[in-house]
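Enquirer: Letter by letter, the chains look like this.
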Amino acid sequence: MTEERLIISRKTNNKFFLMIAIGVVLLIAGIIIAALSGGHQAEGHGEAAAAGHEAAHWSKRLYMNLWLNNVYFTGIALVGVFFVAVQYVAYAGWSVLIKRIPEAMGYYLPIGGAVMLITFLLGGHDIFHWTHDYLYNQFLEDGVTPNPQYDPIIAGKAPYLNFWFFLIRMVAYFVLWILFFNWLRRNSLNEDLNGGTNYYHKSIRISAMFLVVFGVTSSTSAWDWVLSIDTHWFSTMFGWYVFASWWVSGLAVITLAVIILKQNGYLKMVNANHLHDLGKFVFAFSIFWTYIWFSQFMLVWYANIPEESIYFIERLGGNGGHFKWIFFVNLLINFAFPFLVLMTRDAKRQMIMLKIVTIAILIGHWLDFYLMMMPGTLRTDAGIGFIEIGTTLIFLGVFLITFTKGLTKASLVPVNHPFLEESVHHHV
Amino acid sequence: MTKKFVLGIYDDEDVLLQAIENVRAAGTKIYEVFSPYPIHGIDDVLGIKRSRLPIVAFFCGLFGMSFALWMQIWMLGFDWPMIIGGKPHIALPAFIPVTFELTVLCSAFGMVITFFIVTKLKPSLKVNVFDKRSTDDKYVMAIEVKEGVTDISALNNLLRSNGAIEVNEKEVTK
Numbered sequence: 163m164t165e166e167r168l169i170i171s172r173k174t175n176n177k178f179f180l181m182i183a184i185g186v187v188l189l190i191a192g193i194i195i196a197a198l199s200g201g202h203q204a205e206g207h208g209e210a211a212a213a214g215h216e217a218a219h220w221s222k223r224l225y226m227n228l229w230l231n232n233v234y235f236t237g238i239a240l241v242g243v244f245f246v247a248v249q250y251v252a253y254a255g256w257s258v259l260i261k262r263i264p265e266a267m268g269y270y271l272p273i274g275g276a277v278m279l280i281t282f283l284l285g286g287h288d289i290f291h292w293t294h295d296y297l298y299n300q301f302l303e304d305g306v307t308p309n310p311q312y313d314p315i316i317a318g319k320a321p322y323l324n325f326w327f328f329l330i331r332m333v334a335y336f337v338l339w340i341l342f343f344n345w346l347r348r349n350s351l352n353e354d355l356n357g358g359t360n361y362y363h364k365s366i367r368i369s370a371m372f373l374v375v376f377g378v379t380s381s382t383s384a385w386d387w388v389l390s391i392d393t394h395w396f397s398t399m400f401g402w403y404v405f406a407s408w409w410v411s412g413l414a415v416i417t418l419a420v421i422i423l424k425q426n427g428y429l430k431m432v433n434a435n436h437l438h439d440l441g442k443f444v445f446a447f448s449i450f451w452t453y454i455w456f457s458q459f460m461l462v463w464y465a466n467i468p469e470e471s472i473y474f475i476e477r478l479g480g481n482g483g484h485f486k487w488i489f490f491v492n493l494l495i496n497f498a499f500p501f502l503v504l505m506t507r508d509a510k511r512q513m514i515m516l517k518i519v520t521i522a523i524l525i526g527h528w529l530d531f532y533l534m535m536m537p538g539t540l541r542t543d544a545g546i547g548f549i550e551i552g553t554t555l556i557f558l559g560v561f562l563i564t565f566t567k568g569l570t571k572a573s574l575v576p577v578n579h580p581f582l583e584e585s586v587h588h589h590v
Numbered sequence: 251m252t253k254k255f256v257l258g259i260y261d262d263e264d265v266l267l268q269a270i271e272n273v274r275a276a277g278t279k280i281y282e283v284f285s286p287y288p289i290h291g292i293d294d295v296l297g298i299k300r301s302r303l304p305i306v307a308f309f310c311g312l313f314g315m316s317f318a319l320w321m322q323i324w325m326l327g328f329d330w331p332m333i334i335g336g337k338p339h340i341a342l343p344a345f346i347p348v349t350f351e352l353t354v355l356c357s358a359f360g361m362v363i364t365f366f367i368v369t370k371l372k373p374s375l376k377v378n379v380f381d382k383r384s385t386d387d388k389y390v391m392a393i394e395v396k397e398g399v400t401d402i403s404a405l406n407n408l409l410r411s412n413g414a415i416e417v418n419e420k421e422v423t424k
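The listed protein sequences correspond, in order, to chains A and B. Heads up: the first sequence begins at 163 in our numbering, then just goes up one per residue. Heads up: the second sequence begins at 251 in our numbering, then just goes up one per residue.
Just so you know, not all the hints are guaranteed correct.
Part of the chain A face toward chain B, derived, beta carbon under 10 Å [to be verified]:
{"hint": "1", "residue": "His219"}
{"hint": "2", "residue": "Phe450"}
{"hint": "3", "residue": "Arg507"}
With a Cα cut of at most 27 Å, we get these calculated DSS-like pairs of lysine-lysine [as the list claims (entries may be wrong)]:
{"hint": "4", "chain 1": "A", "residue 1": "Lys177", "chain 2": "A", "residue 2": "Lys486"}
{"hint": "5", "chain 1": "A", "residue 1": "Lys319", "chain 2": "A", "residue 2": "Lys364"}
{"hint": "6", "chain 1": "B", "residue 1": "Lys382", "chain 2": "B", "residue 2": "Lys370"}
{"hint": "7", "chain 1": "B", "residue 1": "Lys337", "chain 2": "B", "residue 2": "Lys253"}
{"hint": "8", "chain 1": "A", "residue 1": "Lys442", "chain 2": "B", "residue 2": "Lys299"}
{"hint": "9", "chain 1": "B", "residue 1": "Lys337", "chain 2": "A", "residue 2": "Lys486"}
DEER-style ranges, computed between Cβ atoms [as the list claims (entries may be wrong)]:
{"hint": "10", "chain 1": "B", "residue 1": "Leu371", "chain 2": "A", "residue 2": "Ile475", "range": "52 to 58 Å"}
{"hint": "11", "chain 1": "B", "residue 1": "Phe308", "chain 2": "A", "residue 2": "Ile546", "range": "32 to 38 Å"}
{"hint": "12", "chain 1": "B", "residue 1": "Phe308", "chain 2": "A", "residue 2": "Ser221", "range": "50 to 56 Å"}
{"hint": "13", "chain 1": "A", "residue 1": "Asn175", "chain 2": "B", "residue 2": "Leu312", "range": "20 to 26 Å"}
{"hint": "14", "chain 1": "A", "residue 1": "Arg507", "chain 2": "B", "residue 2": "Asp262", "range": "26 to 32 Å"}
If you are wondering where the hints come from, they were derived from the structure by calculation, not from laboratory data. Every residue gets a Cβ at the ideal spot worked out from N, C-alpha and C, and that includes glycine.
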């Protein structure tokens with residue numbers, strides 16, 4: 163089998179930088195608009211501002227957007243590593259030709275870790291209600307007067323939700339993920355150079371270990387980074403829910419990347435059969451996401467316990483119905499659309515259909531994360547404007563640069579993979 | 251009534267696929283090919299049209315969904331309205347699990363039953379086994395000999411020149 167090297171032209175790279183530049187311009191414009199209108203409001207409603215009803219500061223909105231996009235893109239990068247690990251453990255042959263694509267997605271992880279850490283350290287108070295110290299003191303400083311801001315529910319969660327343990331966990335997740343990513347990647351690249359089946363068997367063992375780590379950390383990181391925003395509320399489905407969202411977005415990125423590379427003349431041996439399998443993955447896990455979404459929703463809806471249903475009230479009629487449209491668009495774009503469009507065999511084998519659906523899913527799951535994070539923090543001040551679009555463009559640009567750079571570092575065809583031949587002749 | 255078949259026996263999958271193409275290109279109609287296991291790509295070379303079973307599945311699923319929704323809405327909303335858990339009579343989220351199950355059930359059963367009917371698969375079905383070795387390690391290509399044709403040497407040559415290790419004749423009572 164022949165090597166296939168991806169070359170990212172200066173022109174393409176410039177496009178990515180242009181994307182970042184446009185993002186920065188939009189972000190700055192958005193911040194200026196928000197700062198001006200926010201300041202205006204604070205002047206007009208001096209009393210309301212003093213009572214804590216002022217419009218959210220632009221910095222809070224900025225931190226929320228950094229957090230939202232970083233959680234989204236980190237998840238996609240992590241899913242790349244997860245996908246490779248699953249393929250190894252399942253002894254999968256069909257995916258060998260496209261395996262370098264999910265592999266390269268992992269290159270975003272170090273950046274994701276750095277941004278996550280910085281955003282938490284700078285904007286932790288804006289993102290997470292539980293980071294405020296006053297919630298935990300039962301009495302005021304004199305030790306006698308009860309603290310009106312004391313929150314017994316949050317105080318009860320202190321052994322898990324406290325600054326240092328949170329920080330340690332965050333660092334541990336990224337250290338583990340990056341470690342396993344590098345380990346798998348190194349074996350994969352050495353296999354290209356030296357051949358033999360040793361690297362393959364070793365990769366299976368590494369993947370199995372990673373899956374255990376992933377099984378725990380994907381859930382706990384979802385609790386930490388997304389669920390703890392709504393500090394009082396909890397859902398035992400939440401780890402799965404975030405995983406399902408990440409997983410289907412990651413699959414959409416893999417499929418989209420394969421199609422774009424193919425349309426630019428790369429991945430010559432990938433054919434409709436491989437696309438069919440990727441299409442099945444996207445189709446199946448769109449339904450899986452819906453299944454998890456519904457399992458979470460129905461129990462809360464049916465039991466109708468105030469402390470549980472508040473979560474969905476905030477997203478439906480609450481907050482003045484601010485998030486209602488996203489709530490329904492979320493279901494339409496992430497379930498109904500891929501379900502109906504990708505149902506037939508022909509649709510899964512056609513690039514144009516897959517392209518439309520994967521792009522829709524990527525937008526849809528960005529909205530899904532938006533819906534998980536914004537109602538609990540920005541409330542009615544949340545919007546989708548210059549700040550949101552700008553931040554997303556910046557993250558997308560950075561992700562694409564690291565991802566494509568990762569792709570150029572090795573042959574797109576893993577030349578010495580023992581199942582390469584099987585993948586070339588894959589037929590469904 | 252008896253029918254006469256010429257059977258080409260093959261022992262290699264790739265030779266068989268090539269032979270099917272050549273035989274069809276020579277204008278000979280292949281009655282059936284028997285193999286111990288499903289062969290990738292054989293549908294294409296035999297020119298078998300794609301199954302329309304998925305369409306059946308879709309409409310059976312649609313029927314199951316409509317039936318389930320109608321049943322629950324009519325029963326709990328009109329025929330015998332009950333308040334359950336303080337929810338409205340017609341509480342759609344509560345109906346979704348049943349709707350889902352009936353969609354899947356009708357879709358699956360519809361497909362299986364349609365498959366049985368279309369392939370005439372039933373307990374009384376009599377299957378002509380042309381050559382028992384097609385259940386072990388050989389591939390058998392059966393070509394029906396047209397009525398009135400007595401000389402089969404042309405077919406014999408065609409099969410042999412395309413890699414058949416044996417060519418047999420068989421008469422089958424229908």
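Enquirer: Look at each hint and say if it fits the structure.
Expert: Structure-based check of each hint:
| no. | hint | verdict |
| --- | --- | --- |
| 1 | His219 | violated (38 Å) |
| 2 | Phe450 | violated (13 Å) |
| 3 | Arg507 | holds (7 Å) |
| 4 | Lys177/A to Lys486/A | violated (35 Å) |
| 5 | Lys319/A to Lys364/A | violated (40 Å) |
| 6 | Lys382/B to Lys370/B | holds (22 Å) |
| 7 | Lys337/B to Lys253/B | violated (68 Å) |
| 8 | Lys442/A to Lys299/B | holds (22 Å) |
| 9 | Lys337/B to Lys486/A | holds (21 Å) |
| 10 | Leu371/B to Ile475/A: 52 to 58 Å | holds (54 Å) |
| 11 | Phe308/B to Ile546/A: 32 to 38 Å | holds (36 Å) |
| 12 | Phe308/B to Ser221/A: 50 to 56 Å | holds (51 Å) |
| 13 | Asn175/A to Leu312/B: 20 to 26 Å | violated (49 Å) |
| 14 | Arg507/A to Asp262/B: 26 to 32 Å | holds (30 Å) |
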